[in-house]
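Could you build the full structure based on these sequences and the hints that come with them?
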Amino acid sequence: MTERYVHTPPEGNFFEDFAIGRQFLHPTPRTITEGDASLYIALTGARQPLPCSQPLAMAMGYRAAPLDDGLLFNMAFGKTVSDISANAVANLGYADLRFLEPVHAGDTLTARSEVIGLRPTSSGDNGVVYVRSSAFNQHGRPVLTWIRWVLVHARARGGAVGEAVVPDLPERVEPADLRVPAITVDVAALVRASGAARLWDDYAIGQRIDHAAGMTLDETDHTLATRLYQNGAKVHFDAQMMASTPHGRRLVYGGHVISVCRALAFEGLENVIGMLAINGGSHRAPTFAGDTLYCFTEVLDKFALPGRADLGGLRLRLVGIKNRPAAGFLAEVEEGGKVRFDPAVVLDLDYTVMIPRG
Amino acid sequence: MTERYVHTPPEGNFFEDFAIGRQFLHPTPRTITEGDASLYIALTGARQPLPCSQPLAMAMGYRAAPLDDGLLFNMAFGKTVSDISANAVANLGYADLRFLEPVHAGDTLTARSEVIGLRPTSSGDNGVVYVRSSAFNQHGRPVLTWIRWVLVHARARGGAVGEAVVPDLPERVEPADLRVPAITVDVAALVRASGAARLWDDYAIGQRIDHAAGMTLDETDHTLATRLYQNGAKVHFDAQMMASTPHGRRLVYGGHVISVCRALAFEGLENVIGMLAINGGSHRAPTFAGDTLYCFTEVLDKFALPGRADLGGLRLRLVGIKNRPAAGFLAEVEEGGKVRFDPAVVLDLDYTVMIPRG
Amino acid sequence: MTERYVHTPPEGNFFEDFAIGRQFLHPTPRTITEGDASLYIALTGARQPLPCSQPLAMAMGYRAAPLDDGLLFNMAFGKTVSDISANAVANLGYADLRFLEPVHAGDTLTARSEVIGLRPTSSGDNGVVYVRSSAFNQHGRPVLTWIRWVLVHARARGGAVGEAVVPDLPERVEPADLRVPAITVDVAALVRASGAARLWDDYAIGQRIDHAAGMTLDETDHTLATRLYQNGAKVHFDAQMMASTPHGRRLVYGGHVISVCRALAFEGLENVIGMLAINGGSHRAPTFAGDTLYCFTEVLDKFALPGRADLGGLRLRLVGIKNRPAAGFLAEVEEGGKVRFDPAVVLDLDYTVMIPRG
Numbered sequence: 206m207t208e209r210y211v212h213t214p215p216e217g218n219f220f221e222d223f224a225i226g227r228q229f230l231h232p233t234p235r236t237i238t239e240g241d242a243s244l245y246i247a248l249t250g251a252r253q254p255l256p257c258s259q260p261l262a263m264a265m266g267y268r269a270a271p272l273d274d275g276l277l278f279n280m281a282f283g284k285t286v287s288d289i290s291a292n293a294v295a296n297l298g299y300a301d302l303r304f305l306e307p308v309h310a311g312d313t314l315t316a317r318s319e320v321i322g323l324r325p326t327s328s329g330d331n332g333v334v335y336v337r338s339s340a341f342n343q344h345g346r347p348v349l350t351w352i353r354w355v356l357v358h359a360r361a362r363g364g365a366v367g368e369a370v371v372p373d374l375p376e377r378v379e380p381a382d383l384r385v386p387a388i389t390v391d392v393a394a395l396v397r398a399s400g401a402a403r404l405w406d407d408y409a410i411g412q413r414i415d416h417a418a419g420m421t422l423d424e425t426d427h428t429l430a431t432r433l434y435q436n437g438a439k440v441h442f443d444a445q446m447m448a449s450t451p452h453g454r455r456l457v458y459g460g461h462v463i464s465v466c467r468a469l470a471f472e473g474l475e476n477v478i479g480m481l482a483i484n485g486g487s488h489r490a491p492t493f494a495g496d497t498l499y500c501f502t503e504v505l506d507k508f509a510l511p512g513r514a515d516l517g518g519l520r521l522r523l524v525g526i527k528n529r530p531a532a533g534f535l536a537e538v539e540e541g542g543k544v545r546f547d548p549a550v551v552l553d554l555d556y557t558v559m560i561p562r563g
Numbered sequence: 206m207t208e209r210y211v212h213t214p215p216e217g218n219f220f221e222d223f224a225i226g227r228q229f230l231h232p233t234p235r236t237i238t239e240g241d242a243s244l245y246i247a248l249t250g251a252r253q254p255l256p257c258s259q260p261l262a263m264a265m266g267y268r269a270a271p272l273d274d275g276l277l278f279n280m281a282f283g284k285t286v287s288d289i290s291a292n293a294v295a296n297l298g299y300a301d302l303r304f305l306e307p308v309h310a311g312d313t314l315t316a317r318s319e320v321i322g323l324r325p326t327s328s329g330d331n332g333v334v335y336v337r338s339s340a341f342n343q344h345g346r347p348v349l350t351w352i353r354w355v356l357v358h359a360r361a362r363g364g365a366v367g368e369a370v371v372p373d374l375p376e377r378v379e380p381a382d383l384r385v386p387a388i389t390v391d392v393a394a395l396v397r398a399s400g401a402a403r404l405w406d407d408y409a410i411g412q413r414i415d416h417a418a419g420m421t422l423d424e425t426d427h428t429l430a431t432r433l434y435q436n437g438a439k440v441h442f443d444a445q446m447m448a449s450t451p452h453g454r455r456l457v458y459g460g461h462v463i464s465v466c467r468a469l470a471f472e473g474l475e476n477v478i479g480m481l482a483i484n485g486g487s488h489r490a491p492t493f494a495g496d497t498l499y500c501f502t503e504v505l506d507k508f509a510l511p512g513r514a515d516l517g518g519l520r521l522r523l524v525g526i527k528n529r530p531a532a533g534f535l536a537e538v539e540e541g542g543k544v545r546f547d548p549a550v551v552l553d554l555d556y557t558v559m560i561p562r563g
Numbered sequence: 206m207t208e209r210y211v212h213t214p215p216e217g218n219f220f221e222d223f224a225i226g227r228q229f230l231h232p233t234p235r236t237i238t239e240g241d242a243s244l245y246i247a248l249t250g251a252r253q254p255l256p257c258s259q260p261l262a263m264a265m266g267y268r269a270a271p272l273d274d275g276l277l278f279n280m281a282f283g284k285t286v287s288d289i290s291a292n293a294v295a296n297l298g299y300a301d302l303r304f305l306e307p308v309h310a311g312d313t314l315t316a317r318s319e320v321i322g323l324r325p326t327s328s329g330d331n332g333v334v335y336v337r338s339s340a341f342n343q344h345g346r347p348v349l350t351w352i353r354w355v356l357v358h359a360r361a362r363g364g365a366v367g368e369a370v371v372p373d374l375p376e377r378v379e380p381a382d383l384r385v386p387a388i389t390v391d392v393a394a395l396v397r398a399s400g401a402a403r404l405w406d407d408y409a410i411g412q413r414i415d416h417a418a419g420m421t422l423d424e425t426d427h428t429l430a431t432r433l434y435q436n437g438a439k440v441h442f443d444a445q446m447m448a449s450t451p452h453g454r455r456l457v458y459g460g461h462v463i464s465v466c467r468a469l470a471f472e473g474l475e476n477v478i479g480m481l482a483i484n485g486g487s488h489r490a491p492t493f494a495g496d497t498l499y500c501f502t503e504v505l506d507k508f509a510l511p512g513r514a515d516l517g518g519l520r521l522r523l524v525g526i527k528n529r530p531a532a533g534f535l536a537e538v539e540e541g542g543k544v545r546f547d548p549a550v551v552l553d554l555d556y557t558v559m560i561p562r563g
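Chains as they are written, first to last, in our numbering: chain Z, 206 to 563; chain P, 206 to 563; chain H, 206 to 563.
Keep in mind the hints are simulated off the structure, nothing from the lab.
Given the structure is predicted, the values throughout are model-derived calculations rather than measurements.
Mixed in with the good hints, there may be bad ones.
Facing chain Z, a subset of chain P residues (Cβ under 8 Å, in silico) [what the hints assert, rightly or not]:
#1 P215
#2 T233
#3 R235
#4 G240
#5 L244
#6 L305
#7 H309
#8 T313
#9 L433
#10 T450
#11 P451
Label pairs and their computed distance ranges (CB to CB) [what the hints assert, rightly or not]:
#12 P:A509 to H:E379: 56 to 64 Å
#13 P:A532 to H:G453: 20 to 28 Å
#14 H:F534 to Z:D330: 28 to 36 Å
Sample of chain H residues at the chain P side, in silico, Cβ under 7 Å [stated by the list, open to error]:
#15 D222
#16 A224
#17 I225
#18 Q228
#19 L230
#20 T236
#21 T425
#22 L433
#23 Q445
#24 S449
#25 T450
#26 G453
Beta carbons are placed, not taken as given, at the ideal position from N, Cα and C, and that holds for glycine.
This is the structure in structure tokens:
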């Protein structure tokens, strides 16, 4: 099986190293533990009840407390970095991310990727690489799958050439493609645990929820998180190297921004059971230590979940903002007849969750 | 059971929202794990032997290593914040805190509170709320109970009105009310583990112990601790919001100050088995990142523990100080005929421990 | 058994307190958990596969994932500090460190030391203390043993007197003295996990590997690590005390520097199964928060391991550097006919690992 994979050199892969169909088995397999789950809470402040309470999770049919979906995503994503994005200029976007099966402390995660698209830029100094990545548990069953695309440096100036192959990127994960775990919803127990009564019926399409809490990031918390995920991208860790870049300092890993914003968004979304999909997302501006994150949520859509009378789906837009409270903040601003994002927007995430119908 | 509780809105409760007898079932139940225990050591430097050593704990009749009492207290306290003190001006004091049963990794904690007192201030802009809070394990048995009182903003200017109801606050927990766990004391094993021979007989009422070690706090360690406890009070996390307050920056959560001071007080109190009670306590001044904590202990009282020839009780006063070593430090200073606390005092805690009689 | 040990006073031992043959049973025994292992990854970024993956470790004959050898070393070392180096001027060196048996989450570590050498300096204000320290698991079996020597203050000025007794310090651990655990090497599984194919046969004596990654240290990560190891040396924690020293600020614990450098050295040494020995090592210059660590590895020797056709030994030199990338960096510089270390060198570690022969 090893033979199918060409190993990535220590300096990482450049645009020229990617070819449609090339596959990667990413290092390092990781047994996720209760220690990782504790650190996730300490790093983000996550308060969603199911990953916190073993008895609640078991009462709802999980075999143990499920890992927070943000922890799972970041652990899986971290594995892909050394092969895919060690030489990335920017992480451009995510699509078609689906959670396929709950993961619990004690499970071991591995990850694989396949190149599904390539698009050189006009200069040829870099190009966009599209990969489909998936994470598997110790039984070989997929637990998470996603597409991301990254702008990657060419090894040689002008070396990024060739025909553009751009994969089909679904605008959203269709409800029929969502994988709802076989759980038993105990609304009363969940509401007792979450401290709030809002359920699927209480949300309206178009509704906006301004989350009041803010979280200031410091150098150690984002570097601890990124090391925990074994994401070795130098831009997050090497302040000396970053001092000579336009940023001037270490960049906060975008996955940590997602996790912190989701934790801030607990108030108003208390009974969300978990993520089913990320329809799309992008990191609009860099985040640095010292920035305070705020966020708001827009309800983009609500729909039934196939075969479930007890659960509904909500499609949500989570907008993360730096140094500007959410109340009254407009993400898009019109300027000279054009609509552009406010430069304070750091995250724009379109995702789907399941929540009891009440 | 849900029906008995009125949910707290996202903005938290104000003075007007509290009424004598109102009960709260706090979110989020939490299965405490070995990961939380590791983080507690990393955050505080705690070295008390029993929570560290599974074989020692089992040799002394615990069913597993007990969680550090500071971790338990902070986990339980953290749950009460969103309902009780989200809009607190200040946390005024604690009384009648009792540890009722050891808690171990794998146990799940929930917490409830009841309003037992209300006292509007003369301006009516805020008032004191007294609550009795208790934490329970997964079997529904209480493991910790305490009274605290908090100065809480009124929702409306002058809205804090009504008759004052001030509960009876015991000056200390009576020895007969202390709950000593059914453990078997192995003095030799404990002394081998702690590295010190001092036992109950070696302490004298009035004795003062200056703990030599100091601990400088940084932004990440106090915010990690406070997030670990899922205490979401904004004053600890939102530097941007705090910049416009008189403090100018994030406040360190008082429970973290208690935990750090107790860890510093290990030297001199090495064979303390655990806390039985907090008789009273107050946070005298704010602590900020950059402050170095020091502390000293005074032996206020020593007494037999009901039914135990092998264990004695010590009532201790732990005084936490910022930026001034403990040796020679006087907590109370006389100024113009009046006694007041030195402004470097950040913590004044009166608590009771059990320790082998030797 | 307690009676054999004289307890260390709270202020620690001074040179006069050490005598050849004096033994210490160090506090505090510690059950190492999955929480500690998670924190170790978050603090260092370690990616060596065996401690990360339960299935891989079990496929290779371990009874569970082994703890990272750096975590084990630091946990064991931390215990010795209060008795041996609380009053150290400097930690001068290590020799004859041998890993004797794998340690797993759930095992409980204790440590003992014996004074094996004493050498007063000419001023008599301090002297060198040589100790042999060993860590044991809960079955009383030794898992790690090492010699270190420390420059320790005299209690009284000029108090460090007496005959010099300097133990024999082996230049290296002989291959015949290495303890190779009874594991089954599965090269294909290891290579799949590590993402690299380099094995014993691919390394050459004299080869140098410049590790490209750098890691900037912050105050919280080094203090979290040092507290996790329950190493209470004041120089790492008390910024106020350190402000009045020539350093002006907290010193980073040398064991954390070793751990971070080993994690940076993953790239290029991916299939190393674990450390067998540290032949020698020294901390050449202090490290502070804000420094960025880089490192390179030199292959000093390669040899067969007794009785193992499947594993080979590599003797490696790991040089840690602050604020200067590894590529092209020379550790030793000639100046006026003399060779001295570049002041950017913070660590010079000579250690032996096992790696599949391929």
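For each hint, the structure was consulted:
1. P215: holds, 4 Å
2. T233: holds, 5 Å
3. R235: holds, 5 Å
4. G240: Where the cut-off is 8 Å and the nearest Cβ of chain Z is about 3 Å from G240 of chain P, the hint holds.
5. L244: Holds: closest Cβ of chain Z sits about 6 Å from L244 of chain P, inside 8 Å.
6. L305: Nearest chain Z Cβ about 20 Å off; hint violated.
7. H309: Since the shortest Cβ distance to chain Z is 13 Å, the answer is violated.
8. T313: holds, 5 Å
9. L433: holds, 4 Å
10. T450: violated, 13 Å
11. P451: Violated, about 18 Å.
12. P:A509 to H:E379: 56 to 64 Å: Once the Cβ atoms are compared, 59 Å apart, the range 56 to 64 Å for E379 of chain H and A509 of chain P holds.
13. P:A532 to H:G453: 20 to 28 Å: holds, 22 Å
14. H:F534 to Z:D330: 28 to 36 Å: Cβ of F534 of chain H to Cβ of D330 of chain Z: about 29 Å, so the range 28 to 36 Å holds.
15. D222: violated, 14 Å
16. A224: With a closest approach of 18 Å, the A224 of chain H hint is violated.
17. I225: violated, 21 Å
18. Q228: violated, 13 Å
19. L230: holds, 6 Å
20. T236: holds, 4 Å
21. T425: Holds: closest Cβ of chain P sits about 4 Å from T425 of chain H, inside 7 Å.
22. L433: holds, 4 Å
23. Q445: holds, 4 Å
24. S449: violated, 11 Å
25. T450: violated, 13 Å
26. G453: Violated, about 13 Å.
Checked against the numbered hints given earlier, this structure breaks hints 6, 7, 10, 11, 15, 16, 17, 18, 24, 25 and 26; the rest are met.
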